[in-house]
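> Chains A and B are the protein sequences, given in the same order. Quick note: the first sequence uses the working numbering, first residue 1, plus one each step. Quick note: the second sequence uses the working numbering, first residue 1, plus one each step.
Don't read these hints as lab results, they were simulated from the structure. Nothing here was measured: the structure is a model prediction, and the numbers come from that model. Be aware that a few hints might be false.
Below, in silico cross-link-like pairs of lysine to any residue (SDA-like), each with a Cα-Cα straight-line distance of 25 Å or less [what the hints assert, rightly or not]:
(1) B:K323 <-> B:A260
(2) B:K113 <-> A:D65
(3) B:K113 <-> A:L115
(4) A:K330 <-> A:R351
(5) B:K113 <-> A:K330
To give an idea of the chain A side of the interface with chain B (calculated C-beta under 10 Å), a few residues [what the hints assert, rightly or not]:
(6) A87
(7) K247
(8) V402
Where is the CB? At the ideal position from N, CA and C, for every residue including glycine.
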Amino acid sequence: MKSAVSGAIRRALWAAAFLLAQPGVVDAAGHRGSAISVVEPDAQLSSIFAAIDRDQVDEALQLTDQLIAQQPNFRLAYLIRGDLLLAHTAALTNIGSVSGGPPERLQELREEAILRLKAYRDRPAANMVPRYLLELPPDQKTAVVIDTRRSRLYVYQNVNGRPHFLADYYITQGKFGADKAKEGDQRTPVGVYHVTSVLPKSELPDFYGAGALPINYPNEWDRLNGRTGHGIWLHGTPSDTYARAPKASDGCVVLSNHDLRALFHSIQIGVTPVIISDDIEWLKFDDWNAERASLQHAMEAWRTDWESRDVGLYLSHYSKRFSSDTEALKQWSDRKRQVNAAKEWIKIDVRNVSMLRYPGNDDMVVVTFEQSYRSNNMSNTVKKTQYWAHEGKSWKILYEGVV
Amino acid sequence: MIKAGQNDQAMQRIDAVLAQKPRDAQMRFFKGLILTEEGKSNDAIQVFLHLTEDYPELPEPYNNLAVLYASQGEYEKARAALEMAIRTHPSYATAHENLGDVYAKLASQAYDKALQLDSNNTAAQSKLALIKELISVNGKPGSSSTTAPAPVAQSNAKQPLVAMARSTPPVAAPVPVPAPVPVKAPPAPPPPAPAPVVAQAAPAPVAAPTPAPVPVPAPAPAAASADQQAVAAAVNAWAAAWASKDVDAYLAAYAPDFTANGQTHDQWVAERRARIEGKSAISVKIEGLETTVNGDHATARFHQDYKAGPLVANSRKTLTLDKVDGKWLIRQERSGA
Numbered sequence: 001m002k003s004a005v006s007g008a009i010r011r012a013l014w015a016a017a018f019l020l021a022q023p024g025v026v027d028a029a030g031h032r033g034s035a036i037s038v039v040e041p042d043a044q045l046s047s048i049f050a051a052i053d054r055d056q057v058d059e060a061l062q063l064t065d066q067l068i069a070q071q072p073n074f075r076l077a078y079l080i081r082g083d084l085l086l087a088h089t090a091a092l093t094n095i096g097s098v099s100g101g102p103p104e105r106l107q108e109l110r111e112e113a114i115l116r117l118k119a120y121r122d123r124p125a126a127n128m129v130p131r132y133l134l135e136l137p138p139d140q141k142t143a144v145v146i147d148t149r150r151s152r153l154y155v156y157q158n159v160n161g162r163p164h165f166l167a168d169y170y171i172t173q174g175k176f177g178a179d180k181a182k183e184g185d186q187r188t189p190v191g192v193y194h195v196t197s198v199l200p201k202s203e204l205p206d207f208y209g210a211g212a213l214p215i216n217y218p219n220e221w222d223r224l225n226g227r228t229g230h231g232i233w234l235h236g237t238p239s240d241t242y243a244r245a246p247k248a249s250d251g252c253v254v255l256s257n258h259d260l261r262a263l264f265h266s267i268q269i270g271v272t273p274v275i276i277s278d279d280i281e282w283l284k285f286d287d288w289n290a291e292r293a294s295l296q297h298a299m300e301a302w303r304t305d306w307e308s309r310d311v312g313l314y315l316s317h318y319s320k321r322f323s324s325d326t327e328a329l330k331q332w333s334d335r336k337r338q339v340n341a342a343k344e345w346i347k348i349d350v351r352n353v354s355m356l357r358y359p360g361n362d363d364m365v366v367v368t369f370e371q372s373y374r375s376n377n378m379s380n381t382v383k384k385t386q387y388w389a390h391e392g393k394s395w396k397i398l399y400e401g402v403v
Numbered sequence: 001m002i003k004a005g006q007n008d009q010a011m012q013r014i015d016a017v018l019a020q021k022p023r024d025a026q027m028r029f030f031k032g033l034i035l036t037e038e039g040k041s042n043d044a045i046q047v048f049l050h051l052t053e054d055y056p057e058l059p060e061p062y063n064n065l066a067v068l069y070a071s072q073g074e075y076e077k078a079r080a081a082l083e084m085a086i087r088t089h090p091s092y093a094t095a096h097e098n099l100g101d102v103y104a105k106l107a108s109q110a111y112d113k114a115l116q117l118d119s120n121n122t123a124a125q126s127k128l129a130l131i132k133e134l135i136s137v138n139g140k141p142g143s144s145s146t147t148a149p150a151p152v153a154q155s156n157a158k159q160p161l162v163a164m165a166r167s168t169p170p171v172a173a174p175v176p177v178p179a180p181v182p183v184k185a186p187p188a189p190p191p192p193a194p195a196p197v198v199a200q201a202a203p204a205p206v207a208a209p210t211p212a213p214v215p216v217p218a219p220a221p222a223a224a225s226a227d228q229q230a231v232a233a234a235v236n237a238w239a240a241a242w243a244s245k246d247v248d249a250y251l252a253a254y255a256p257d258f259t260a261n262g263q264t265h266d267q268w269v270a271e272r273r274a275r276i277e278g279k280s281a282i283s284v285k286i287e288g289l290e291t292t293v294n295g296d297h298a299t300a301r302f303h304q305d306y307k308a309g310p311l312v313a314n315s316r317k318t319l320t321l322d323k324v325d326g327k328w329l330i331r332q333e334r335s336g337a
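Full structure from sequences and hints, please.
See below:
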């Protein structure tokens, strides 16, 4: 009887899902040596599907019951439990072989299952780095990268300027996906942000679960591009569910409460970058290093050309599309020429550099740093943001402003 | 079905027997049935629970325990009990079907949680089949016939039970059953009262030769073989109708007043119809068919491979058939070891 049951499962749609739970998982999991993550539902889900693949229906049911004991409101786990029980009496046709359930909720759970299994299977290897994290400053402990296509949030740890994978979590995004453009479009923004504050559970309705981390959408680039809206948070789930559907929020990024609490420990307000991408690009370490060296080189040239007081050389680093918060390239150039005329010497120091590639099509890197400026008639220290973009073979500055 | 007064009388007799033989499985089983019928579920659970502890090799108490648990919504407990019933008798069809229903119910509860539904109010209560006789111990095919005179039936049903309880590992069916050794202290029930309980408890021999032994007859070759062929044809037609989900033809293979599991004929028909029509596909294979004909009565034994979707039940089966108006109709159906 046992083998007949699981044979039916094997032939049914589960085929699609259990392919995702194939042995690659083990290798990927092996990369997680330094991870601090606790018992992971997605690892358990993967084991469940692997057990189904091995025809071990009873073991799969047992693992599912363990998962439910651990996460009593994990709806997807209940759906799988239902299937494994039903497998004893009827052939399964799909994940969620329930008849008469609301089709859209069923579909959401199926999508959640596939996304979780895929993300677990495709967990980034140790020698891969998200392309966005080009340089992390010494005082920044972690970076957060969100992939809306994979419904996943990745936490990276800063180890001597190089990002190391720390943990990853399933997330929910906006009902209509990513690429927020305007207020009320129920989309999740794509861009480089940071957490602006922490809102504790005690100050929020149950809907937000364990708390919330608002981010600075719209940032200066969003505003320059006319994107509107506000109140984009990373937050938890209501107490009656372990997770929400992959696309369910009004644009916020929703995590399970357990995962959000873990994230609280990783976040430095105003410091930790939160990069939201619709499809993370991963680079091998060597490629990442080359890309980073090329921009570091361009920045160093900008700094020394500024110190040289050759305004033409200095301005050669700025794009024709350049603008500051108030000036286009013309006004910026005129003002720089004027200021430079009074300089006898200039000394520039740059510290705590962060280089974050902007997700999307803009081929642009957000660079922030502490700039110490000294000259014969003026000195100051500011925190500066520049947007650098590739134009032809060289890097050019698109935007520059003081934070 | 059983009137309260009759229950009381039956219970008195059962208690009288149990006072002398407190471990008597048959009497305790009856007691559990009566308590169940009276709606005293918790008391009935205790009776069947202790029976499973004292006679872990008997599947019927596990099955009935499961029916009671399920009626109280304790589906996980019901599942565990049915799995025990099947562990002791892997081919026990009623337990398999009940377990199927319990799995379906548990699955439905899990789906409700997954989808945040509250379908408990609307979902049909699954009705599990209570087993009303201890037959797994009895290798004998009961011979034909309808209502059994009480005393014979009881001692008859009881005898093999006791034998069984002694031989710990469940013995397969064709154990030569000793002739009904008169067991002492049979309840000797007064004629009217016991009828219901007893009749359900053991659809046992009447006019037919009391022992109704397995390898009976020395049939007249020619006539018997013609009859045997007719019986075999009837059995094959029955299996074919079942496998093709032709419920009308399937039901027509049975005697018009056929009953099982203590149900009325109509209840039985309704259950069979629901269970057969509820399956997406059924496969029934019959192997090793042996027929024995004795006048207008016949016995067919075979190995039955039953498959319905993922549900697979291989069992030995014995059909007792009567010739009525020239047609062989199933009078009794037994499965299990």
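> Take the hints in turn and mark each one as holding or not.
Results for each hint:
no.: 1; hint: B:K323 <-> B:A260; result: 19 Å, holds
no.: 2; hint: B:K113 <-> A:D65; result: 13 Å, holds
no.: 3; hint: B:K113 <-> A:L115; result: 21 Å, holds
no.: 4; hint: A:K330 <-> A:R351; result: 29 Å, violated
no.: 5; hint: B:K113 <-> A:K330; result: 64 Å, violated
no.: 6; hint: A87; result: 6 Å, holds
no.: 7; hint: K247; result: 17 Å, violated
no.: 8; hint: V402; result: 51 Å, violated
Consistency with the previously given hints fails for numbers 4, 5, 7 and 8, ordered from lowest to highest.
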